[in-house]
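Colleague: Sequence:
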Amino acid sequence: MNLAKISVKRPVTIFMAVLVVILLGVVSLTNLSVDLLPDINIPVAVVSTRYPNVGPEEVEKLVTKPIEQSIETTPNIKNVRSMNSEGSSVVIAEFNSGTNMDFATLNMREKVDMAKRLLPKGSEEPMVLKIDPNAQAVMMISITGGKNLSQLQSFVENNIQPEIERVAGVASAKVSGGLQNEITVSLNQEKLEGYKLSIDYISDILMAENLNLPGGKVNKGSQDLLVRTMGEFKSIQDIEEIPIPLKTGGVVLLKDIAIVQLGNKEQNLVAIDNGKNCISINIEKQSDSNTVQVSKKVKKQIESLQKKYSDTKIKVLFDQADYINDSIKNVENTAILGGILAVLILFVFLRNIKSTLIIGTAIPISIIATFVLLYFANITLNLMTLGGLALGVGMLVDNAIVVLENIYRFIQEGHTRKEAAVKGASEVGASVIASTLTTIAVFLPIAFTSGITGELFKDLALTVVFSLVASLVVALTFIPMLASILLNENKIIHEKDNILDKGKKIKIKGIFYRVESRYRKILDWSLSNRKKTIFVGVVIFIVSMISLTKVGAEFFPESDQGMFTINVQLPDGAGINDTRDIVNRIEKRSEKIKEIDTFFVNIGEGGMSSNGGNEKNSAQVIVKLKPLKERELGVKEIMDKLRNESKDIAGAKISFKNSGGMSVSGSAPISIQIKGENLDTLKEVSNKFKNTIESVAGTREVESSLGDGKPELRIKLNRKIAAQYGLTASQISSQIHGTISGKTATTYKYKDEDINVVVKGDEIYKQSVTNLKNIMLQCPTGVNIPLNLVADVEIKRGPTAINRDAQVRVVSVTSQILGRDLKSVAEDVEKKLQKVKMPSGYTYKIGGENEDMEEAFIDLSKALVAAIILVYMVLAGQFESLLNPFVIMFSVPLALAGGALGLFFTERSLCVPAFIGVIILAGIVVNNAIVLIDYINIRRKRGEDRRQAILAAGPIRLRPILMTASTTILGLVPMAFGIGDGAEIQAPMATVVIGGLLFATILTLIYIPVLYTIFEDLKNKITRREKHLIV
1169 MNLAKISVKR PVTIFMAVLV VILLGVVSLT NLSVDLLPDI NIPVAVVSTR YPNVGPEEVE
1229 KLVTKPIEQS IETTPNIKNV RSMNSEGSSV VIAEFNSGTN MDFATLNMRE KVDMAKRLLP
1289 KGSEEPMVLK IDPNAQAVMM ISITGGKNLS QLQSFVENNI QPEIERVAGV ASAKVSGGLQ
1349 NEITVSLNQE KLEGYKLSID YISDILMAEN LNLPGGKVNK GSQDLLVRTM GEFKSIQDIE
1409 EIPIPLKTGG VVLLKDIAIV QLGNKEQNLV AIDNGKNCIS INIEKQSDSN TVQVSKKVKK
1469 QIESLQKKYS DTKIKVLFDQ ADYINDSIKN VENTAILGGI LAVLILFVFL RNIKSTLIIG
1529 TAIPISIIAT FVLLYFANIT LNLMTLGGLA LGVGMLVDNA IVVLENIYRF IQEGHTRKEA
1589 AVKGASEVGA SVIASTLTTI AVFLPIAFTS GITGELFKDL ALTVVFSLVA SLVVALTFIP
1649 MLASILLNEN KIIHEKDNIL DKGKKIKIKG IFYRVESRYR KILDWSLSNR KKTIFVGVVI
1709 FIVSMISLTK VGAEFFPESD QGMFTINVQL PDGAGINDTR DIVNRIEKRS EKIKEIDTFF
1769 VNIGEGGMSS NGGNEKNSAQ VIVKLKPLKE RELGVKEIMD KLRNESKDIA GAKISFKNSG
1829 GMSVSGSAPI SIQIKGENLD TLKEVSNKFK NTIESVAGTR EVESSLGDGK PELRIKLNRK
1889 IAAQYGLTAS QISSQIHGTI SGKTATTYKY KDEDINVVVK GDEIYKQSVT NLKNIMLQCP
1949 TGVNIPLNLV ADVEIKRGPT AINRDAQVRV VSVTSQILGR DLKSVAEDVE KKLQKVKMPS
2009 GYTYKIGGEN EDMEEAFIDL SKALVAAIIL VYMVLAGQFE SLLNPFVIMF SVPLALAGGA
2069 LGLFFTERSL CVPAFIGVII LAGIVVNNAI VLIDYINIRR KRGEDRRQAI LAAGPIRLRP
2129 ILMTASTTIL GLVPMAFGIG DGAEIQAPMA TVVIGGLLFA TILTLIYIPV LYTIFEDLKN
2189 KITRREKHLI V
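Using the working numbering, the letters of the sequence shown map in sequence onto residues 1169 to 2199.
If you are wondering where the hints come from, they were derived from the structure by calculation, not from laboratory data. Since we're looking at a predicted model, the values are computed, not measured. A couple of the hints might just be wrong.
[To be verified] With a straight-line cut-off of 25 Å between C-alpha atoms, the simulated PhoX-like cross-links for lysine-lysine are:
{"no.": "1", "residue 1": "K1289", "residue 2": "K1762"}
{"no.": "2", "residue 1": "K1476", "residue 2": "K1342"}
{"no.": "3", "residue 1": "K1917", "residue 2": "K1934"}
[As the list claims (entries may be wrong)] Restraint-style ranges between C-beta atoms, simulated for each label pair:
{"no.": "4", "residue 1": "E1998", "residue 2": "N1855", "range": "16 to 26 Å"}
{"no.": "5", "residue 1": "I1208", "residue 2": "R2115", "range": "28 to 38 Å"}
{"no.": "6", "residue 1": "Y1681", "residue 2": "L1525", "range": "22 to 32 Å"}
{"no.": "7", "residue 1": "F1515", "residue 2": "I1601", "range": "19 to 29 Å"}
{"no.": "8", "residue 1": "Q1975", "residue 2": "N1199", "range": "41 to 51 Å"}
{"no.": "9", "residue 1": "K1385", "residue 2": "P1243", "range": "48 to 58 Å"}
{"no.": "10", "residue 1": "N1855", "residue 2": "D1749", "range": "25 to 35 Å"}
{"no.": "11", "residue 1": "E1226", "residue 2": "I1963", "range": "33 to 43 Å"}
{"no.": "12", "residue 1": "L1414", "residue 2": "D1960", "range": "48 to 58 Å"}
{"no.": "13", "residue 1": "K1385", "residue 2": "K1229", "range": "45 to 55 Å"}
The C-beta atom is built at its ideal place from N, Cα and C for all residues, glycine as well.
Given only the sequences and the hints, what does the whole structure look like? Please build it.
Modeller: In structure tokens, the structure reads:
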């Protein structure tokens, strides 16, 4: 079927088909969801279990180990890790890539259910959760007002939080930072001992009294009346008047032995917005909801709430949709600018408005058709899909250029425009299809690459494939049809005769013909001096590969999202006020930096310590910057500036992290995992590693996950003496816990809010170790004895956290990097660590972003090999030859040389996006060679000898080759500059493609014809030798 012939004969049909595509494209575009990145499936699930007031070692032994052993047999499981801290066990199960996590999570729940019977009494129900990166925090807001923190917390929980959670697409709105009410029953220790009462006994009575219970039914005539016993507390006075039965007979009122009052829970979390205490709400979206749409709806709800509660200030601290919108807009502008530059270069070459418009229509039509395919493929508009359009915008006209240029040639040979449209499009149809298929072939391995690389770049690859398919159809149908209607035959025929006007200024077209003449001479010399030509090419390739070793390597370039975090870690045992003092000093220093907009602090449970625990001695500061266009410095420069301003603040470890980093493991750039069982030995080895890593140039903020340990009071029971008094370890522990921390007896309805009623012992026992030793324990016999009679109390340091990997204890030593690339730092670290002597039975592994990078590079190397093989197979089918495709494939090393030089001169590192650029080059650089070799073969079939055909085909194909290369390069120039939100990820990819295509285009015009003759001579020589042997 001749598409060009049908299109030229039926122009109205083609016009209508294009209008249908445009209509569908507009409808599809309006229905496409907008997000920052593609949906990413992370094959990880978590089992979280609380075991309150129990140390990390006990949590590890009693909770974590049974769960680890139960889930390790789950199908498709890759590895099991765990984190054990005070009162908390978190077991992380990593599954093989591509695992259906819904089924995997279901299987895990079954395994955990079987392990429940092995868990200790007092541990809470294990929670099995699937890690869903799509159900992420999309917005954080702060709330301040004229109320105290207790009133504000209650107000937010009752009025703000429910309204936000009702917004469609919101999964949860987590409130933190306030004070929670509670009723405290503070017992008088002397009276407690005098009446021989215990905290447990009083707690049980309060729980038993605070009940409304049904009593059945009573008949009254024809009615059935429900019987209810009303015992719930209605006031604090009700609690005070509770009678406590004495074991010796009689009763005593609670108020006679205790003070009952409304108070607040101990504050474990402080939220601070620009120096003021506030309530914060962290808003998470549902996994299948769109971030931008959810953000719009939440903001609308916030506006309504602000009007309703005018005395309360609701401020949006962070909104991911802002960065998404800015990034998407920036990529859109990049694509539009690239398209404009591509059309302008067309006009420079063609010097004809009609021809430029004919080719220029390929861009919008192809893009609109792509939106239709994206919609039906259920792909969102994100940085990657729009990056794919920006990447392909220059390539969308390549096919149209080749087709129209050939139509031009046929008109100049005397054919009518309709004949020329059909013959011109038909002649190059096979080579255009082949060149498109070679480009598509390199994107298919990218789409099927495993891990985060495949997840991220799959959408980009499919977008380019969709757009190229659309551009191919446009080039073979719409372009011939338009050419048959719009081209001026007479003007084109006489064009060559009027290129130079004597006595007038030389026109641009005259320059092109002079370039063709100069190229013909260079090509003629190269064919006559093949060895010298090849030698120069080899030297250039070697030099470029040497330059590649100088550029360094990293996983992903960090992006400037206008936000970074500061982690503050004080020595274990420090309190909230100590932590706040350090944070205040950092905030004071930050006031000198004009680019900082918001300084939001979470102290306590919101702060993540280096060991993974949430403690009062840690804080996390979220620093939000002004928009990129309103500041002179980038996020890295601002971080370094604040780091230098804060380096003299003593008493805490202060580390900085850019929010725009990307890591599969979520770890630091350098992370060393040390495995072994003895904590003391692990600490010793980790300290050696820490000192070693600190000596490597480019490392900073080197930390060990084990830390110095937390001071703790250890109570060692004398079981024989305790048994004489009828006391068990559990009974003693319960009574100590009740005296020091209190015991939640029941709840009390206060202003429509259920608050805890907590029974506490005398505060004096918390004030010193001596007082702790004198805590009175009630024995089953009714006798009260001091704690020091049955136990010894000593001060020791215990681990704040114990991490495990593959059921073995592990310590992580992490490091950030500065001033050097990741690969070179990792290599130097590895060399130095090899000199460290490891104890028997202890091993280490270098992980972190470096491991992510190495795995990604291995996957991409496989994709590159697959892409090259696929391209060769497509070419072999196109040329029905094994030799011609082999010659054409030499364009690839020429492109690799150009890509390496591109990174070298722009001082960019080899990273995942740059590697993607290398793979893309393998598909697009061969297109020029395809067009050239195909036309050489056509001329040879017409009877021309090889040299004559090469010297004729080269100059004739020079202009379309330069045009297609120029449009692709200029289309990528805006992306390569990497300016604007979200541009950092795609800039290295564009740099590699531009460098490779520019370099390969120039060299292809010389080296491919030379290699064509060399390999054909070699083939003929082998053939003659075989014939001679046969004879």
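Colleague: All the hints need checking, so say for each whether the structure fits it.
Modeller: Consistency of the hints with the structure:
Proposed proximity of K1289 and K1762 is contradicted: the alpha carbons are some 55 Å apart, above 25 Å. The hinted pair formed by K1476 and K1342 meets the criterion: a straight-line CA distance of about 21 Å does not exceed 25 Å. The hinted pair formed by K1917 and K1934 fails the criterion: a straight-line CA distance of about 29 Å is larger than 25 Å. Range check, E1998 to N1855: about 19 Å between beta-carbon atoms, so the 16 to 26 Å window is met.
A beta carbon spacing of about 55 Å between I1208 and R2115 contradicts the range 28 to 38 Å that was offered as a hint. At roughly 24 Å, the beta-carbon separation of Y1681 and L1525 lies within the given 22 to 32 Å, and the hint holds. About 27 Å separates the C-beta atoms of F1515 and I1601, a value consistent with the hinted range of 19 to 29 Å. The given range of 41 to 51 Å is respected by Q1975 and N1199, whose C-beta atoms sit roughly 49 Å from each other.
The hinted window of 48 to 58 Å between K1385 and P1243 holds, with their beta carbons roughly 53 Å apart. The beta-carbon spacing between N1855 and D1749, approximately 28 Å, falls within the hinted interval of 25 to 35 Å. Between E1226 and I1963, the C-beta spacing of about 18 Å breaks the proposed range 33 to 43 Å. The hinted range of 48 to 58 Å is not satisfied by L1414 and D1960, whose Cβ atoms lie roughly 33 Å apart.
Under the hint 45 to 55 Å, the C-beta atoms of K1385 and K1229, about 52 Å apart, fit the expected range.
In summary, the structure is inconsistent with hints 1, 3, 5, 11, 12 from the numbered list given earlier, while agreeing with the others.
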